Amino acid sequence: ETGVTQSPTHLIKTRGQQVTLRCSSQSGHNTVSWYQQALGQGPQFIFQYYREEENGRGNFPPRFSGLQFPNYSSELNVNALELDDSALYLCASSFRAGGQETQYFGPGTRLLVL
Amino acid sequence: ELKVEQNPLFLSMQEGKNYTIYCNYSTTSDRLYWYRQDPGKSLESLFVLLSNGAVKQEGRLMASLDTKARLSTLHITAAVHDLSATYFCAVDITGTYKYIFGTGTRLKVLA
Chain A
52 ETGVTQSPTH LIKTRGQQVT LRCSSQSGHN TVSWYQQALG QGPQFIFQYY
102 REEENGRGNF PPRFSGLQFP NYSSELNVNA LELDDSALYL CASSFRAGGQ
152 ETQYFGPGTR LLVL
Chain B
1388 ELKVEQNPLF LSMQEGKNYT IYCNYSTTSD RLYWYRQDPG KSLESLFVLL
1438 SNGAVKQEGR LMASLDTKAR LSTLHITAAV HDLSATYFCA VDITGTYKYI
1488 FGTGTRLKVL A
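Residue numbers (the working numbering), protein chains in the order written: chain A, 52 to 165; chain B, 1388 to 1498.
Among the hints, erroneous ones may be present.
Distance windows between CB atoms, simulated [claimed, not checked]: (1) B/T1407 with A/P59: 34 to 44 Å; (2) A/T153 with B/D1453: 18 to 28 Å; (3) B/L1497 with A/T153: 28 to 38 Å; (4) B/A1465 with A/T153: 24 to 34 Å; (5) B/K1390 with A/S116: 42 to 52 Å; (6) B/T1460 with A/Q92: 19 to 29 Å; (7) B/N1394 with A/A89: 13 to 23 Å; (8) A/E133 with B/P1395: 45 to 55 Å; (9) A/Q92 with B/L1437: 37 to 47 Å; (10) A/I63 with B/G1440: 44 to 54 Å; (11) A/N130 with B/T1483: 20 to 30 Å.
Below, a list of computed lysine-lysine pairs in the DSS-like style, where the Cα atoms sit at most 30 Å apart [as the list claims (entries may be wrong)]: (12) B/K1455 with B/K1390; (13) B/K1390 with B/K1495; (14) B/K1485 with B/K1390; (15) B/K1485 with A/K64; (16) A/K64 with B/K1428; (17) B/K1485 with B/K1404.
Quick caveat, the hints were computed from the structure, so don't treat them as lab data.
Keep in mind it's a predicted model, so treat the numbers as computed, not measured.
For every residue, glycine included, the Cβ atom is placed at its ideal position computed from N, Cα and C.
Please put together the full structure from these sequences, using the hints given.
Written out as structure tokens, the structure reads:
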């Protein structure tokens, strides 16, 4: 157990809908990253938040957006869902203080878009 | 194009044998990570390698980093069935807060 929790665990949506996924970071961590992992693939970096600001983003369109709250919990929002958005969504929290920065992953939310 | 490639993609080995997984990356990176993922589960952090020549060991796994060659290795010694999983390497791109994961190596250790 890493202390990182995600909700919901599973979700089914239809194309065009919007979804919000939630992540609660490990206590004391100030950084959260979100990843998309399609079946049989490695995780793809979506973005990272540090102290409530986005400071790194992968190759994902603007319909993927996020928030980090003062308590360092986080949300991933995806608008206008497409079939290809079906994947496991992972959040990872870490403490940024220079040097080593180990990410601790949550259990993930499995999203199915029909 | 930024790439992180692992070799091999699939590995089936007998218990007690040794083997090495390779991770090549095409970008300048400050840190290299190794993770383990069991089927249907999340990722577990194994190692963080910070500098050229870094070597870390935990149990039957040993990871090393050569930043000049942009190569990391994960060496498995005397494999046991419990090591069966998918192993990923990942790098963060120098000067950014962006991470790239490798393709993954699916390891199966046969009893």
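Now the hints, each set against the structure:
no., hint, result
1, B/T1407 with A/P59: 34 to 44 Å, "holds, 39 Å"
2, A/T153 with B/D1453: 18 to 28 Å, "holds, 21 Å"
3, B/L1497 with A/T153: 28 to 38 Å, "holds, 31 Å"
4, B/A1465 with A/T153: 24 to 34 Å, "holds, 26 Å"
5, B/K1390 with A/S116: 42 to 52 Å, "violated, 27 Å"
6, B/T1460 with A/Q92: 19 to 29 Å, "holds, 22 Å"
7, B/N1394 with A/A89: 13 to 23 Å, "holds, 21 Å"
8, A/E133 with B/P1395: 45 to 55 Å, "violated, 32 Å"
9, A/Q92 with B/L1437: 37 to 47 Å, "violated, 27 Å"
10, A/I63 with B/G1440: 44 to 54 Å, "holds, 48 Å"
11, A/N130 with B/T1483: 20 to 30 Å, "holds, 25 Å"
12, B/K1455 with B/K1390, "holds, 16 Å"
13, B/K1390 with B/K1495, "holds, 25 Å"
14, B/K1485 with B/K1390, "holds, 13 Å"
15, B/K1485 with A/K64, "holds, 28 Å"
16, A/K64 with B/K1428, "holds, 22 Å"
17, B/K1485 with B/K1404, "violated, 36 Å"
Hint compliance for this structure: hints 5, 8, 9 and 17 are broken, all remaining hints hold.
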